[in-house]
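Participant: Chains as they are written, first to last, in my numbering: chain A, 654 to 896; chain B, 654 to 896; chain C, 654 to 896; chain D, 654 to 896.
Everything labelled a hint here was simulated from the structure, so no lab data went into it.
Computed from a prediction, not measured in an experiment: that's the story for all the values here.
All the pointers check out, no bait thrown in.
Treat identical chains as interchangeable: a pair holds within one or across any two.
Listed below are the simulated DSSO-like cross-link pairs for lysine-lysine, each with C-alpha atoms no more than 30 Å apart in a straight line:
| no. | residue 1 | residue 2 |
| --- | --- | --- |
| 1 | 885 | 674 |
| 2 | 731 | 760 |
| 3 | 760 | 674 |
| 4 | 760 | 885 |
| 5 | 839 | 760 |
| 6 | 839 | 885 |
| 7 | 731 | 674 |
4 protein chains.
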Amino acid sequence: MALRVTVWGENVHDRHDPNVKAIYPDGMHETIARAIRAGVPQSAVGTATLEQPEHGLDDARLAATDVLIWWGHTAHHKVADAVVDRIQARVLDGMGLIVLHSGHESKIFRRMMGTHCSLRWREAQDRELIWTVAPQHPIAAGVPHPLALERHEMYGEFFDIPPPDELVFVSSFSGGEVFRSGCCFKRGKGRIFYFSPGHESFPIYHDARIARVLCNAVSWAGPSTSPMDTRKSIHSPTNWFAR
Amino acid sequence: MALRVTVWGENVHDRHDPNVKAIYPDGMHETIARAIRAGVPQSAVGTATLEQPEHGLDDARLAATDVLIWWGHTAHHKVADAVVDRIQARVLDGMGLIVLHSGHESKIFRRMMGTHCSLRWREAQDRELIWTVAPQHPIAAGVPHPLALERHEMYGEFFDIPPPDELVFVSSFSGGEVFRSGCCFKRGKGRIFYFSPGHESFPIYHDARIARVLCNAVSWAGPSTSPMDTRKSIHSPTNWFAR
Amino acid sequence: MALRVTVWGENVHDRHDPNVKAIYPDGMHETIARAIRAGVPQSAVGTATLEQPEHGLDDARLAATDVLIWWGHTAHHKVADAVVDRIQARVLDGMGLIVLHSGHESKIFRRMMGTHCSLRWREAQDRELIWTVAPQHPIAAGVPHPLALERHEMYGEFFDIPPPDELVFVSSFSGGEVFRSGCCFKRGKGRIFYFSPGHESFPIYHDARIARVLCNAVSWAGPSTSPMDTRKSIHSPTNWFAR
Amino acid sequence: MALRVTVWGENVHDRHDPNVKAIYPDGMHETIARAIRAGVPQSAVGTATLEQPEHGLDDARLAATDVLIWWGHTAHHKVADAVVDRIQARVLDGMGLIVLHSGHESKIFRRMMGTHCSLRWREAQDRELIWTVAPQHPIAAGVPHPLALERHEMYGEFFDIPPPDELVFVSSFSGGEVFRSGCCFKRGKGRIFYFSPGHESFPIYHDARIARVLCNAVSWAGPSTSPMDTRKSIHSPTNWFAR
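Chain A extracted, bound-state conformation (with noise of 0.2 Å):
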């Protein structure tokens, strides 16, 4: 059966921005869905963003993906807090949550978080190197160690993240800095994972080695099949699990 994903993405500054249209010139949300389609086999891969109705996310579209990519950036406030609720609801029923770059700081994930998500950072013209802490976790199968980004924004330390319950990529910067740019965490019944890169301005999503890290990430949080009902507390009288 396929693996259904939903890219978001928040798309505005792939329309305002002429630099950024330059690069993702159908916007950044298609690139990645592109690097999907092509790189996980027996994906159905659509998009949804911020202009449409209920943000293209409305209760079928999420009942109906098994992992949702998050890109967000200079609207977050934008998300309607039903939106996020849902999105919320979701991932604890066991749909993946992949959150990229500057979707540290939307609702969606700092609602999943519970803490700030705020860091450090620098549009400068740093290099980034990612290195692998886990080699023996899926999401690093087949990328390089380290993965080089030639110029990229830095994001560096403290990251108000709850410590991840597995650390896959840390990252330093020219200028010094260290991140922790690949985090997994588990929700509920579902998986989530933070990926520091790709900020607009630069081609971080055209690049294959990060491309394998997407598609690595969509199938390790691949839905949940858990038939457990978590969404309230459950009275249950003595012996109700006996036959």
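Given the structure of chain A, go ahead and fit chains B, C and D onto it with the hints provided.
Facilitator: Chains B, C and D only, in chain A's frame:
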């Protein structure tokens, strides 16, 4: 310097249910506060309750609190969101938070966890046995293995919380259920401990062994002194940290 | 490509104890092997036992093994240290390792853990209930919650292992004890799963629900493909990674 | 009651290499011991070295040690296995262990970890920046963020250790490498801290900021008081724990 502890009690059952009143004539919060005063040297312990203005937790009070203990059950929805926002901010800034029993469904605990925090439950006469799975943890110091509660409400798995950063206690119940009953979380600059005993209709907080756990937890959760400002992302020009 | 699994059985009780022989006429290892063959598509499953030269685990055999399953009990001390060294090296180089039941005190498990791996035990007629505490984990897929074993040996806490990297199952016993019965560990490039069922005098490995756990675990532990060489520290001149 | 600390030094470079002798005229262990004495109130700090009988760590000495600090480099193979067995047993029974720098390849650290503990290295003139990723951790209290070492040996990933139970520090180096430089592990009743500074040819242990980390670590690792006997599995008849 004194460790400033605030015990927050919902104080509803304690005033309206004669059975609870008989067990906790001064309110559950007061019994807990006495246990901390007796067991944590140099502690300065006060209380706050739901019916007070701002639930007794205005900015000044929270700023003067190193560790907040939370017991709530029947009136979670009456806690103002603005107060929850404030508590969350203080925890992320270094205040310890200890959430007790039915506080698992409080707004503040669900906010900090990002999950439903649902579980299984049964008000019966189960015997609960609390087992230590982290003997090196300061919260387990001096706690019997097992600690037996002759009669207690059953709380069972699946408990919808993030994987604890440290798992200290696991309970079993006569009915056969298990529960992760003592769980540590690190969030921002703060430390959180969830401890599942005590239901209001049993004299759990009068038990010296339980008091020992609470005192250990208060000492463990004691405030972070980190000067980091984590409230917002910080622009950091190249070499910002060099002299 | 086939997933190459080797099931190692101590094969002592199975040959010498008529009760065990009655339950496992072909040996426990053979019953386990059949379960994997039936449940893991494209697996190539063989067995090895203590009494074979080098316990059936010479260099060539280990090199051709992707996941090793280990059941031992009464003859841990008869396993040659040189073979233990070899297994440890293969796990660190990416082979999966699944340790069952009384294998908790095997040389290889204690070697990988660095701890005593001691526990409490009782051969009686306890009912064991296995509860899932990580519903999103692939090893829990399709496993009943709880999974009840009507009669089993009791294994109880404190279980002297490192805090598991992922805790999947927690068991309770009629006698009131609890046990971390399904534990994941990442070590080097390899993955390790400890699963506490099945004592030799109960037909645990004939149980389809247990077989499901074993098959899930084999798929999860499947070998790392990382090309990193971790056997020795590596001298790395400045810019070693640049082209 | 005093916290009894033993600083173990290999004491080979310190006696035979004039450069090291110039930096540490009394031996590295003595410099470290002085830092602990000055910074941990009520500590009783002694030293032990490789060339002493039983390396200065006979049964009586270990029994009287609450926290053991370990620095070794060139003579790991000269440490007797019987002494390693003894240290391991004491750690599992509650003694704290702090392993420094090149101690990553010591017998005792590899024994406790179960992994190769290999890494990348370069003796050059890299600047090391040590970043705090756990601001709430007691070992990070009062430590600058970042803590800059103008010149230090490079230690880089992949560092072949189990995923740390708590990750406190991550370092970057001028050459671009990163390293998990401050790692906590819980093993049995004991606590272990690995801290990667200081190479013998730099005056790292004279640095007050590094001394602060060591003192914090000693206080954190301070001995467990748990009365549990974890040395052997314990037969436990039904109701063993009831009065």
